[in-house]
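Based on these hints, arrange chain B on the given structure of chain A.
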Amino acid sequence: MEAAEIFNLLKSVFNEGIMELKTDVPVAPFIIVSADKINAVSLFLRDEDTLQFDSLSCLSGVDYDKDNLASVYHLYSFVHNHKITIKVIVPKDNPLVQSVYDVWATAEWHEREAFDMMGLKYENHPDPRRILCPDDWEGHPLRKDYKVQEFYKGMKVPY
Amino acid sequence: MGILNKLDSRIEQFESGNIIITTADKLLNWSRLSSMWQMFFGLACCAIEMMATSASHYDLDRFGIIPRPSPRHCDIILISGTVTLKMATRIKRLYDQMPSPKYILSMGSCSNCGGPYWEHGYHVLKGIDRIIPVDVYVPGCPPRPEALLEGLLKVQEKIRSQSMAKQTNKV
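These protein sequence lines map, in sequence, to chains A and B.
Sequential numbering from 1 applies to the first sequence in our numbering.
Sequential numbering from 1 applies to the second sequence in our numbering.
The shape of chain A in the complex, shown without the other chains (with noise of 0.2 Å):
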């Protein structure tokens, strides 16, 4: 399927949740979801017969632009080879998505990466802590506004 009709299905299913399909785009089009309709959509985007995205390949955190973070969805699907892009925004000052582990057990570690570097929040996550960063770390360190802390443990941070 084509990203203009996986939109139309979607749209078609979920109306409000499903807010916009950007095609005019350098990378893949994409289609963006609202955060709180994202784990509904995820499950039909896996089930539905038609669409089958049984693998998501990647799911980051993008500094989207000065007010807004977004989560962003790499589907493909091996049954049908065809891929879609998803993009949740959010706002910085509550960057609350829904967790989609339930529906791709790999988003675990995705999303607790993204919550690392970005501070994404994931409503029912399993296990909502950072991965790469010490657990004690001040900060997510691949925001733009990003300062990094003078000491850590005593131990001097910056050159």
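In short, the hints are calculated from the structure, not lab data.
We put the beta carbon where it would ideally sit given N, CA and C, even for glycine.
It cannot be assumed that every hint is accurate.
To be verified - Below, a list of computed lysine-lysine pairs in the DSS-like style, where the Cα atoms sit at most 30 Å apart:
no. : chain 1 : residue 1 : chain 2 : residue 2
1   : B       : Lys-86    : A       : Lys-156
2   : B       : Lys-86    : A       : Lys-92
3   : A       : Lys-156   : A       : Lys-92
4   : A       : Lys-147   : B       : Lys-86
5   : A       : Lys-22    : A       : Lys-92
6   : A       : Lys-121   : A       : Lys-156
7   : A       : Lys-83    : A       : Lys-147
8   : A       : Lys-156   : B       : Lys-26
9   : B       : Lys-102   : A       : Lys-147
10  : A       : Lys-144   : A       : Lys-11
11  : A       : Lys-153   : B       : Lys-92
12  : B       : Lys-86    : A       : Lys-153
13  : A       : Lys-156   : B       : Lys-92
14  : A       : Lys-144   : B       : Lys-86
15  : B       : Lys-92    : A       : Lys-121
16  : A       : Lys-83    : A       : Lys-22
Said to hold, decoys possible - To give an idea of the interface, some chain A residues facing chain B are shown, with a C-beta separation under 7 Å as derived from the structure:
no. : residue
17  : Pro-91
18  : Ile-131
19  : Pro-141
20  : Tyr-159
What follows is chain B alone, placed relative to chain A:
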């Protein structure tokens, strides 16, 4: 031969002449620098170079440098690669578990000063000498095995210059 003549009768029975006279310091230092057991761990790409040095071509064994699995067996620790802040706390702990006298060889730019991560590497310790005292720095990114061997020979030189018997040098 004056000293040999004054040795008591028990030693004089070695008539073949295989007697060497030396100082306690020289004997102790010779044995220490000939068996510098190293801590068995590597951190990044420098560790690959360290493994190459340990392998048959460069053959660290001939200097008596053998990797040991416990810090309590070790005399020297090669900091072979990028030290993240997360790892730094562990390295400090391992260092504290080593018995004195102990030596640190900092291998490569990362552990010397942060290397390519000096500016944007929020997670990297900018030099292992911020947490433990370093005896020899080996520059390079990563250093070739020859450079690492040279560094280890420098550690041997340092050991040779120290005194265990008199405890004049703090080791």
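Evaluation of the provided hints:
no.	hint	result
1	Lys-86/B to Lys-156/A	holds, 13 Å
2	Lys-86/B to Lys-92/A	holds, 27 Å
3	Lys-156/A to Lys-92/A	holds, 29 Å
4	Lys-147/A to Lys-86/B	holds, 18 Å
5	Lys-22/A to Lys-92/A	holds, 22 Å
6	Lys-121/A to Lys-156/A	holds, 29 Å
7	Lys-83/A to Lys-147/A	violated, 37 Å
8	Lys-156/A to Lys-26/B	violated, 40 Å
9	Lys-102/B to Lys-147/A	violated, 37 Å
10	Lys-144/A to Lys-11/A	violated, 33 Å
11	Lys-153/A to Lys-92/B	holds, 12 Å
12	Lys-86/B to Lys-153/A	holds, 10 Å
13	Lys-156/A to Lys-92/B	holds, 15 Å
14	Lys-144/A to Lys-86/B	holds, 23 Å
15	Lys-92/B to Lys-121/A	violated, 33 Å
16	Lys-83/A to Lys-22/A	holds, 15 Å
17	Pro-91	violated, 24 Å
18	Ile-131	violated, 12 Å
19	Pro-141	holds, 5 Å
20	Tyr-159	holds, 5 Å
In the structure shown, a violation is registered for the earlier hints numbered 7, 8, 9, 10, 15, 17 and 18, in ascending order.
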